[in-house]
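Novice: Line order of the protein sequences matches chains S, U, P and B.
Going by full-length UniProt numbering, 217 is the number at position 217 of the first sequence; the sequence numbering is gapless.
Going by full-length UniProt numbering, 226 is the number at position 226 of the second sequence; the sequence numbering is gapless.
Going by full-length UniProt numbering, 96 is the number at position 96 of the third sequence; the sequence numbering is gapless.
Going by full-length UniProt numbering, 46 is the number at position 46 of the fourth sequence; the sequence numbering is gapless.
Bear in mind the hints are in silico, worked out from the structure with no lab data behind them.
Be aware that a few hints might be false.
One copy or two, it doesn't matter: identical chains are merged, so the pair holds either way.
[Said to hold, decoys possible] Simulated pairs of lysine-lysine, DSS-like, Cα-Cα distance not exceeding 30 Å: (1) K21 / K236; (2) K236 / K44; (3) K21 / K107; (4) K38 / K21; (5) K111 / K21.
Each chain, written out:
There are 4 protein chains.
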Amino acid sequence: MLNVTVWGENVHEQDDAAVQKIYPDTMHETIAAGLRAKLGDEVKVRTAWLQQPEHGLTEEVLAETDVLTWWGHRAHGDVDDAVVERVQEAVLSGMGLIALHSAHFSKIFKKLMGTTCSLDWRSEDDRELLWTVAAGHPIAAGVPHPLVIPQEEMYGELFDVPQPDELVFVSSFSGGEVFRSGCCYRRGQGRVFYFRPGDQEYPTYHQPEVQQILANAVQWAAPVVPRQLPDVHHRKTPGWFDQA
Amino acid sequence: MLNVTVWGENVHEQDDAAVQKIYPDTMHETIAAGLRAKLGDEVKVRTAWLQQPEHGLTEEVLAETDVLTWWGHRAHGDVDDAVVERVQEAVLSGMGLIALHSAHFSKIFKKLMGTTCSLDWRSEDDRELLWTVAAGHPIAAGVPHPLVIPQEEMYGELFDVPQPDELVFVSSFSGGEVFRSGCCYRRGQGRVFYFRPGDQEYPTYHQPEVQQILANAVQWAAPVVPRQLPDVHHRKTPGWFDQA
Amino acid sequence: MLNVTVWGENVHEQDDAAVQKIYPDTMHETIAAGLRAKLGDEVKVRTAWLQQPEHGLTEEVLAETDVLTWWGHRAHGDVDDAVVERVQEAVLSGMGLIALHSAHFSKIFKKLMGTTCSLDWRSEDDRELLWTVAAGHPIAAGVPHPLVIPQEEMYGELFDVPQPDELVFVSSFSGGEVFRSGCCYRRGQGRVFYFRPGDQEYPTYHQPEVQQILANAVQWAAPVVPRQLPDVHHRKTPGWFDQA
Amino acid sequence: MLNVTVWGENVHEQDDAAVQKIYPDTMHETIAAGLRAKLGDEVKVRTAWLQQPEHGLTEEVLAETDVLTWWGHRAHGDVDDAVVERVQEAVLSGMGLIALHSAHFSKIFKKLMGTTCSLDWRSEDDRELLWTVAAGHPIAAGVPHPLVIPQEEMYGELFDVPQPDELVFVSSFSGGEVFRSGCCYRRGQGRVFYFRPGDQEYPTYHQPEVQQILANAVQWAAPVVPRQLPDVHHRKTPGWFDQA
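Next comes chain S alone, as it looks inside the complex (with noise of 0.2 Å):
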């Protein structure tokens, strides 16, 4: 069984009354629902946010996390930079990272992928027509193609990331704009998806399709070895041949 914690920054949510008509019970417990719904048994879900202790990531919560979901948008800036780097280290030991939509600007995300993560944007309910493009992929599977999501904000190329390992989902929007849209990066023992749709202002965890997709992208990030920190080794000599 997967443990999952699902991490949102609960701003919009607190002050925001567009948003809390969309989202009653907050971004963070629709997406956590989502997954139950999907994953059932095979999956046990928590939530954490940005105004606990610790913004509920203590050494302890991580430990018991296979997969982290991260949400956040207008806050990044008060993400704690200790716990940044605790998120960091569980990720390179093996914790599954899933990183949506906004979160491209999250302190974690940059920190992970070293560049600046910038991209084009518009927020004036586009139609966004999400495609695969890796065949057979684990991430898509079950996923039409394409997905369509009737409105959501548009972010367009040019986005500053590395290449990603896998790229799964590329964007179309009305507005003729693309974006690459899925991307798999492994990184230390652990592994990353970025998931591009999910604004604050519509009601995309709410959509089967889109559910369906994080159900797919926590299992594949989950990990498949015990969690560790790669890390230095000094290697005696004269090494492999006394073995040979």
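Here the structure of chain S is known, so what remains is to put chains U, P and B in place on it, guided by the hints.
Specialist: Just chains U, P and B, lined up with the frame of chain S:
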């Protein structure tokens, strides 16, 4: 100075009045002229076509060719298998190959990819927007973001090719589809670039920005080491300890 | 449960006393037994070989096979081209393929790679060390770092294959050579893993750590979506605007 | 003409007699001399070092630098964070970066990679063999296969870096270890090359073949488009339909 051979199927140009009107000098001569216009003294461009003996691609021609561009569509099946193997050997030895538009289904491209190279399509005057997704890539140098092609055939994902070593361009179409339109591959000592636009029914190869991309691609694909087909070697023991 | 077909050339086993001594049950039966030992009820393993009608790889067998392992060496040329195309189609439709050792020169592997697949070699009892270079990769789960194979044939770079989508293992040999020994590829809907060790003159497939790698690879290569050959589709206009 | 800045930590050279004997002109001046010897008029090389104001890497210097080479070891922690961010910004804007040997643990390399960059090591006069694994790659042009470095520090896998966009060299050591010794990355508009050999206790940078690799790498890493940091842009609606 680079030696470029522009290969054309030269079939539509013989029997299709609409194509003749757009490309009165044939498609391959138009592509060749564009390269000469953009690269001037840096390049020596010749053309070759299907109806010539050995399709104009003798051992001698290939030996003198640094980069070969390939456009074909209706007559893929008429290309002699022996010539295809000769071209494959040249590519693996270091000759660059630029596969253009419907050349996705050419024998040589399929042979180098190992996949079906299938895709979705529609020929109904879609507008194409070509977006750069590889910051600072030489093939995108001087190319507008996006490059607007007013009317083109649509090619849509899923494009069944190996994940490119570098993905340079992604297109959107007015119908909402997307396509990986600029794909870089290394195969053997050679470099292969697939470029999507260029249907025979549209004046795409007259467009200066498209000519710029082809000129960039030719320079990118040119060999930098002496031509040599990778081959099997028997290494004697005890090997490198003797030299240490 | 996974259905695995272990294919063997079964030629050395018929006429080479040294090989018969190491593999009295044939190489393919030994590989199959190793998979059964490691995967138990998770897998149903059958074998097939060159001398059977259609090499034992009928449409029916391939349709029921989730993952095919392939060992061949002396008789690559005797494999029927029609069967090779059938296997390629199965792979592109989603069947996993594990190419073993000298299968680098099999028709099916070369067809899927598009390159010469040539390499350097020496068969003089080199010690091989297999190092994991992809942290946390499922194919390396539970594998020692390095895995020591006391004696093996040497394969050295340059291995003329497309750059792997994921490189999992790199070998060194007592002669000082190196080799990319564990290479992952996605082709069509299928996954391909090339694994270097396994010359007929050494008892490599009896080694439990090698059996573990093959078991891991079989699980990694198994399809996760329904089998389907990527194909051409004509998309009607006006497309997705109607749905928006 | 390329402007290259060779940066050196310049610490061992101040207090370590063994290093002073091998590199009486300092390591950075030796590296710079090698580039001048190999590239002549194609390049203008300057040096900079830790002890200078702003480590010699002012905004002006970086703005004029096409490619920066970086060697550091004992004093990574003394490099000012503000300078590191400045260098990162320059790289993402298009400046090439060549990270040398123990620069795997430099602040700038770790920041660009996002991983621990840890590895195994032993400093006991191993012989290193450097094998080319990317056929026809410009950084390997003119380099022997293998390149023999008679004595060097050993670096062994697992090297905890993102999978390189292109892997050019793999080393073996007399102890049997292997290492991905030549790794290409694109980050933002910039190109990054990591090159393993070059411990301060060995005369590696005096070796002509190593100088050739560094010369090749400098040419490979040079920017081909105007410098610009990828940035966020707000795209107005209705976007590209107006232009169609």
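Novice: Compare the structure with each hint and give your call.
Specialist: For each hint, the structure was consulted:
1. K21 / K236: between (63 Å within a copy, 27 Å between copies)
2. K236 / K44: neither (43 Å within a copy, 42 Å between copies)
3. K21 / K107: within (28 Å within a copy, 45 Å between copies)
4. K38 / K21: So K38 and K21 pass the 30 Å test inside one copy only (23 Å; across, 53 Å).
5. K111 / K21: neither (33 Å within a copy, 40 Å between copies)
Hint compliance for this structure: hints 2, 5 are not met, and every other hint is.
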